[in-house]
Structures are given as C-alpha cells and as structure tokens.
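Protein sequences, first through last, are from chains A and B.
Start counting the first sequence at 1; every next residue gets the next number (the UniProt record's numbering).
Start counting the second sequence at 1; every next residue gets the next number (the UniProt record's numbering).
The hints are simulated quantities; they were obtained by calculation from the structure and are not laboratory data.
Cβ coordinates follow ideal geometry from the N, Cα and C atoms, glycine included.
The reader is advised that the hints may include incorrect statements.
Claimed, not checked - With a straight-line cut-off of 30 Å between C-alpha atoms, the simulated DSSO-like cross-links for lysine-lysine are: (1) K520(B) x K272(A); (2) K564(B) x K509(B); (3) K272(A) x K509(B).
Stated by the list, open to error - Listed next, the stretches of chain B that the computed footprint assigns to chain A, with coverage defined by at least 3 CB atoms under 8 Å from CB atoms of chain A: (4) 100-107; (5) 129-142; (6) 198-205; (7) 376-383; (8) 512-520.
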Amino acid sequence: MRTKGFAKHYYLMLLPGFVWLILFSLVPMFGIVIAFQNYNPGLGVFGSEFVGLETFRYMFQLNDTMNVFFNTIYIAIMKIVGNLIVPLVFALMLNEVRYMGLKRSIQTIVYLPHFLSWVILGGVLLDIFAYGGPINQLLGMFGIDPILFFGRADLFPFLVVGSDVWKEFGFNTIIYLAALTGINPALYEAASIDGASRLRLLWHVTLPGIRTTAVLLAVLSLGNVLNAGFDQIFNLYNPLVYSSGDIIDTWVYRAGLLNLQYELATAVGLLKSVAGFMLISLSYYLAYRFTNYRIF
Amino acid sequence: MLKKILFLLLFVMLLVACSNEDASTDETDDKDTTSETPSEPADPFGAYEETVTIAIGQEVDPSDTSLQDGDTPLDNQYTRHVKENLNIVVQHAFTASPSNYDQKVSLAIASNDLPDAMVVGPVELRQLVEADQIADLTEVYENYASPAIKEIIDSSSGVALENVTFDGKIMAIPNSQASADGVHNLWIRKDWLDKLGLEPPKTLDDLKEVARAFVEEDPDGNGQDDTIGLAGPDTSNKLYANFLESTNNLYGFDGIFSALHAYPGYWLEGEDGKPVYGSTLPETKEALSFLRNMYSEGLIDPEIGVREDSGESVISGNTGMFFGPFWMPYGPLTDAVKNNPDANWQSYALPLDANGEYTPHLSTTTTQFVVVRKDYEHPEAAMKILNNLLANESEFDPSIGGPGFYPLRLVYAPADEMEVTTVALREVLAGTKEPEDFYDMPAYKLLKSDVDHIHEVKLEPYDNTDIEYWDPQANLGQWTRAYSALVGTAPLVDTEINGVKSLIYSQTKTMEDRWVNLKKIEDETFLKIIMGTESLDAFDQFVEDWNSQGGEQITEEVADVVAK
Numbered sequence: 001m002r003t004k005g006f007a008k009h010y011y012l013m014l015l016p017g018f019v020w021l022i023l024f025s026l027v028p029m030f031g032i033v034i035a036f037q038n039y040n041p042g043l044g045v046f047g048s049e050f051v052g053l054e055t056f057r058y059m060f061q062l063n064d065t066m067n068v069f070f071n072t073i074y075i076a077i078m079k080i081v082g083n084l085i086v087p088l089v090f091a092l093m094l095n096e097v098r099y100m101g102l103k104r105s106i107q108t109i110v111y112l113p114h115f116l117s118w119v120i121l122g123g124v125l126l127d128i129f130a131y132g133g134p135i136n137q138l139l140g141m142f143g144i145d146p147i148l149f150f151g152r153a154d155l156f157p158f159l160v161v162g163s164d165v166w167k168e169f170g171f172n173t174i175i176y177l178a179a180l181t182g183i184n185p186a187l188y189e190a191a192s193i194d195g196a197s198r199l200r201l202l203w204h205v206t207l208p209g210i211r212t213t214a215v216l217l218a219v220l221s222l223g224n225v226l227n228a229g230f231d232q233i234f235n236l237y238n239p240l241v242y243s244s245g246d247i248i249d250t251w252v253y254r255a256g257l258l259n260l261q262y263e264l265a266t267a268v269g270l271l272k273s274v275a276g277f278m279l280i281s282l283s284y285y286l287a288y289r290f291t292n293y294r295i296f
Numbered sequence: 001m002l003k004k005i006l007f008l009l010l011f012v013m014l015l016v017a018c019s020n021e022d023a024s025t026d027e028t029d030d031k032d033t034t035s036e037t038p039s040e041p042a043d044p045f046g047a048y049e050e051t052v053t054i055a056i057g058q059e060v061d062p063s064d065t066s067l068q069d070g071d072t073p074l075d076n077q078y079t080r081h082v083k084e085n086l087n088i089v090v091q092h093a094f095t096a097s098p099s100n101y102d103q104k105v106s107l108a109i110a111s112n113d114l115p116d117a118m119v120v121g122p123v124e125l126r127q128l129v130e131a132d133q134i135a136d137l138t139e140v141y142e143n144y145a146s147p148a149i150k151e152i153i154d155s156s157s158g159v160a161l162e163n164v165t166f167d168g169k170i171m172a173i174p175n176s177q178a179s180a181d182g183v184h185n186l187w188i189r190k191d192w193l194d195k196l197g198l199e200p201p202k203t204l205d206d207l208k209e210v211a212r213a214f215v216e217e218d219p220d221g222n223g224q225d226d227t228i229g230l231a232g233p234d235t236s237n238k239l240y241a242n243f244l245e246s247t248n249n250l251y252g253f254d255g256i257f258s259a260l261h262a263y264p265g266y267w268l269e270g271e272d273g274k275p276v277y278g279s280t281l282p283e284t285k286e287a288l289s290f291l292r293n294m295y296s297e298g299l300i301d302p303e304i305g306v307r308e309d310s311g312e313s314v315i316s317g318n319t320g321m322f323f324g325p326f327w328m329p330y331g332p333l334t335d336a337v338k339n340n341p342d343a344n345w346q347s348y349a350l351p352l353d354a355n356g357e358y359t360p361h362l363s364t365t366t367t368q369f370v371v372v373r374k375d376y377e378h379p380e381a382a383m384k385i386l387n388n389l390l391a392n393e394s395e396f397d398p399s400i401g402g403p404g405f406y407p408l409r410l411v412y413a414p415a416d417e418m419e420v421t422t423v424a425l426r427e428v429l430a431g432t433k434e435p436e437d438f439y440d441m442p443a444y445k446l447l448k449s450d451v452d453h454i455h456e457v458k459l460e461p462y463d464n465t466d467i468e469y470w471d472p473q474a475n476l477g478q479w480t481r482a483y484s485a486l487v488g489t490a491p492l493v494d495t496e497i498n499g500v501k502s503l504i505y506s507q508t509k510t511m512e513d514r515w516v517n518l519k520k521i522e523d524e525t526f527l528k529i530i531m532g533t534e535s536l537d538a539f540d541q542f543v544e545d546w547n548s549q550g551g552e553q554i555t556e557e558v559a560d561v562v563a564k
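Make a model of the complete structure from these sequences and hints.
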C-alpha cells in the first residue's frame, strides 16, 4: 500500500509532461492527413477533398526534395561531429590550465554566445562577413579580393556549421568538464608514480574516464540528425544559397506557410518524421549497446 | 485504477481537441448561408451611429519616419479622420514591415485567423476565394462604393472588376493605379555624370561605360573605392517585375531586359501566335549574358540578392544608377537629398533598344485588393474607408505621416494620372494656364493641391529640373510629389513608349500548385547565372526543367484563357 501511494506522486508529476506531449506532439500528428488532401484552410481537414498519393508523386518529381534531404543530413552530421570534437578538445585543454582564475574566465567567455538568439547572432555574422565587413577587410590586407561569403552556395554549409560550433562549444564544454571532475584523482596519482607523462595521463586516464559521456552524447545526438537548425539557417540564408543551405524545416516553412502549398509541406514534413523515428530508434539501440543507457 | 483514470483523462482531452476543430468548421459553414442585409440606408460617406471597430492587417514601414508629435500607426491624421468622419475605430490584427507583409498575410491565411480586413495581392486573393475565407462584397460594392471610385474602376474597361469577380460575385475591392507605376525608368546621379563629363547612357554599351566610370573614377570624390555603378535588387525585390507583380519593382534590371526585347516573367505572343513564357526565350538568355558580363566586371552591386535594402546605399550616396518607377522620391530619394543636397537624381526613359526605341514592359492597373473576413459584421466599413481616402486625400499632409499609414490604403488613380499631373504642372509653371483651370477634375484627386503649391518648391528656371532649382525645405511633402511628377514622370510624357503588355496578369489553375516551384528555379537560376556561380548554359537546363515540371501544361492553360 505504502509504495503504491508513494508512486502516485510520481504519476502526478508526470501528468504535466504527458499533457504537453499530447497537446503539442500527438494531437498535431492528426494534421498529417493534410498530405493526402487537397487542403483548404477554409474548409479544414474535415471538409477538404482527399487526393491520395498525388502530393507524394509530385514531391518526388521536384529537384528540391532530394536536395533538401541531402542538405539536412549533411549539415546535421557535420554539426554533430563538430559539436562533439571541438568541445572535447577544448575541455581537455582547459583541464590542463592550472590557474583557476584564468580557467574560470575562459569558461565564462566562451559560453556566452550560447545565450544569444540566432536573430541577433545572424545579424552580427552577416555584418562581419559582408562584402565590406571586417573579414573581407582583413583578407584585403593580404591582397585577396573580397568574397561574398553568404552568397556562396559552396561555402554556406561550412559557415553554418562553423558558426553553430562557435556558438555552442563553450556550453558543451561544461558537460565534459563536469565529467572530468568525476575522475578519481587517485588514478592520476597512481599513474604518475608509475612514471606516466602528461600525454600518457591524458591518453590512459582522462580519455577513458569520459568515454561514456562522449559516446552517450554522440549517440543521443543521432536522434537530432534531421534537425539541422531552423533558427540559424533561417536567419542566415538567402536565395543564392538555397541549393546548399535549404534544410527540411526551412523548406517546409517556405512551401507551407509562405507559398501556401500545405499538402506538399506536410508531405515533406511527414517524410522527415518517418526518417526521424527510424534514427531515434537506432540511436536508442546504440545507446543501449554501447553505454547500457535505457529509459524503460 | 490510476492508470485507467489517466488514460481516460488523456482520451477525453484528445476528443476535446479534435471536436474543437469540428465545431469551428461547422460554424464557418453556417455563416456561409446567412445573407447580409444592410441595417441602414446605403451611404458611401455616412458615419455609423455606434462606433464600429475594424481590426486590420497593415503594412508599417519602420524606416518611414514621417509620423510626428507622438503619432503612431494607430493614432495619426488618417485614423483620426476615419474616426471623425465615419465613426470607425481602426485596430491592428497584425502589422508587418513591407518585406514581411506578404509572409504575414500567408500566415494569416494558413492559420485561418484573418483580420477583419486587409490588403492582399492576386495570388492570395485567389487562395482566399478558393478557401472560402472572405466575404462576398457584391452588394457592398454596388451600394457603398462612391461614384468616384466606381468611375475610376470602370475606366480600366472592366479589367479591375474582372480580377475580383469569381462565379459572378465580387469578392474583393480592387485598386486601380496609374500606369506609370509599371514603367521602370533609369534613375541616375546627374551630378556624377556632370562631374565625369558624361552623357546619360543611350544604349546598353553606354550604360556599361557610365557604370564603369561610376565605379572606377571616384565620382563622389571621397578618395575611396566605395561606389556602386548600378544597384541591384535586395532581398525584398526582384530581378524584374513579372505578370503577377507587374508594378513597383525597385532596383531590378527591368530596363536592361527590355532594351534587349527580353520580357522575362511576362506572357508573350510567340512566333506561331501561341502564348510563350518570356523567361524561356533566347532574348532572356542574351540579357542574362549581358548582366553576367556586367557583374563580373564589377559594374553591378556585388551584393545583389544578399542585401537587405538597396535603398540604403542610395541614401548614403554610394549608388550611381538604378531602375525604379516614377515615385522614387517617395522612396529613398527624399532622404538622399536630405543627406546630400547636391544628389541630383534625374530619371530617363533609357536605355534604348537597337533601333533607338524605348520598349519597357507595361503593367496591369490592378494589383492589390482589399478583402474582408467572412464573418465580419460590417463589410461595408472597408468600402467606406476607401471612399473616404479618395474623397479627402488632398487634405492630408504626407510630411506628417506618409500615405502608407492610411488604413487599408489602395491607390485609386486614373491610368494617366501622373502624365496629366506632369503636363498640368508644366503649364502652370510656364504661365500658359492658371491653377484654377485644373480645379474641376475630382478623379485626379491631388491635382488641385499640386498646382496650388508648385511655386513653393520649384525655383526658376522652371524648365530645368536639376536639384539646385528646387526648394525641398519649403514644403517637403509637396516637393516629393512635384519631383515625382516633373522628374520621375517626365520621361513618360516626353518619350514615345513602345511598351509590351503581358497576355495575362492573373494565375491559372495549375499555377496554384506548380508556380511556386517554377518561379523558384527561375529566380535561383537567373540570379546564379548573373553572379557567375552557374554557367550561362544553365539557362537551357532551366528551360527544360521549366517545361517538364508543369510549364508546358500552364502554357496550354494560358492559351485557353487568352483565346476566350
């Protein structure tokens, strides 16, 4: 009896989360029917005519569809790799800094951009990389002609990944620093007594110590592969870089909300959901395999 | 037990969420059948006895600094006038800057959450009608449109009403604007030309040479390499005006295309007499090649397509030339002249084609529409607001609040309004006519104030329109208007125009689904060809894609429409 009563509170605490999940994640799923309709907002989903797979046929005719999927995965994977390696390396370097004051101030400074929105950072970045902006002025000193950075489709994915890593690496570093503090100092002492150099310490003590954290983060981020970052790309892109910078979310936004092609946008969004579901299942399985992480 | 309760709860909530949608759709269906019976005798200018509120979607230009004395977009000379004369209180359902307004309208349509009334374009209008979201305004138009508005709308020989009539019902109130809006003149810094000893460029080759001189010879004399020869479109404008948006394209390359007889974005009659889409023709490829060439030589703004607002560099005095309609003094030129009183912007009907003729593309008179939400109780309020504007526009002073702040503003002008104004001003200045001669022309609503005030802002000699012979400070609002007429419109009055019209200016059925994608590949390909990131032969691939992805079918539909 006692334990049952105890559990009640937990269920009660779950309730808000469940309500949220149902209202914002399950109920909207119902809207998927739009993809199979000739949707008309005046008539709503109940009044609109069903057209079967017509929209999907058109979707696969478009050059855009495959392009957009490729961009999404390409940008997302680069972001995952960048967001894994850069903070890790940075955390290891910061860990070697012995002067606490310096360590703390560096840490504070590098995670500041995390708290700025892409609306602000987007404007700043566009100005910095503008034709007459500081980067081009700098290049000009070396005799390099100005480059229209955000107008170049070949550079755009790298600018997106680079700026995202720059924005987030400071914050992600904290996770690794936390993991580093969890390593038993006795291990370091023992290894030092055995005559290990600093590099050896890093290789044989520090890295194994945070391996679980790194793998877990990597595996969990797989579930995000199809979220390449709407906010960021939306604030940085322009028609010149649609070919390499348009991701599913931005494309769906333009097709569905700006150009009123509801069916098409929903169909592409649905495809994204299906692929996302598979990736989440995969990452969950991998997390279980490698780190024994499981929810149920 | 608890589990059961939880699931029951969730299930009920799911039901509620679904049935809510049910209810709302039913509601709209019901309203469909209720007919509107005017509760009081129809009077186009009559004030309501009880205050009526109307929540509108409005475009508010954040860079428009003309509002004075604590006025706001919701409380200014226009909204106060509407309140006093009609007893209508205006509220905002939403506001958006010019570059975001269309997005905001689309969002409102997509979410089925419309303001009581708003201004939309032809694409949105069709969408709204098909979605059955807006009110039938047939009776409103018949009973409440003022005689002046009816006269102007009829003057377009039925085109304006045709554009808003669906199944015999008038679904929106159309505008009717001066045809001058659709011609994109070449605007040049004449003081730069004079400084470098150059003439206005007659041909395309001249244009290149002038652009080159503007870029390379430091026309502003500041010793820095910071000048732009020819401005290009920013993110909210287009490479060229098209059949759906045929007017008011700023900083595009319209003049260059038309000088090569290329009319991209327009439906033209092909050699076999059937409609063809101008963007797919060899002339367009040639024009793209020309532009590509200019761009690679640095004669065009290097940041076309990325720039947020090309007007900024006009105001700051870095730009030497651009294409735009006659009303550019209402745009960046007022600020440009405020900034630098020597910025002598003049406009020309140039460049000419190979035969020495001026061959711009022409617009339709009707491009914007006021629509009213389906269940709004006072659909005639929108009409009254428009009547009020046309009847009183000359009383408002644009320098204490630009006309853009008038709620639901549509432009009503006889097609030749600007040309008539220009000629009238010239005659008054020359002394061959008195201002009084123009008082009795009510459709030309601003003409009286134009002729009354021209002597305040124009200095002698009257036939020289260089900026030093003007006094903008005397009356900035009147200066803007008079400069638009005597400088902006002058080329249209003095030049013989061999303009080209599009065969249609509205969408066909297949366009609703396919046009977005076709226009996207067109815009991207052309921009990339000009900027050199795609080869010129990408054009041929574009034509192929365009035809196979729906263009062929659309061309047939256009042929059907034209044949009717």
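Hints, verified against the model:
| no. | hint | verdict |
| --- | --- | --- |
| 1 | K520(B) x K272(A) | holds (22 Å) |
| 2 | K564(B) x K509(B) | holds (15 Å) |
| 3 | K272(A) x K509(B) | holds (29 Å) |
| 4 | 100-107 | holds (count 4) |
| 5 | 129-142 | holds (count 4) |
| 6 | 198-205 | violated (count 0) |
| 7 | 376-383 | violated (count 0) |
| 8 | 512-520 | holds (count 4) |
In the structure shown, a violation is registered for the earlier hints numbered 6, 7, in ascending order.
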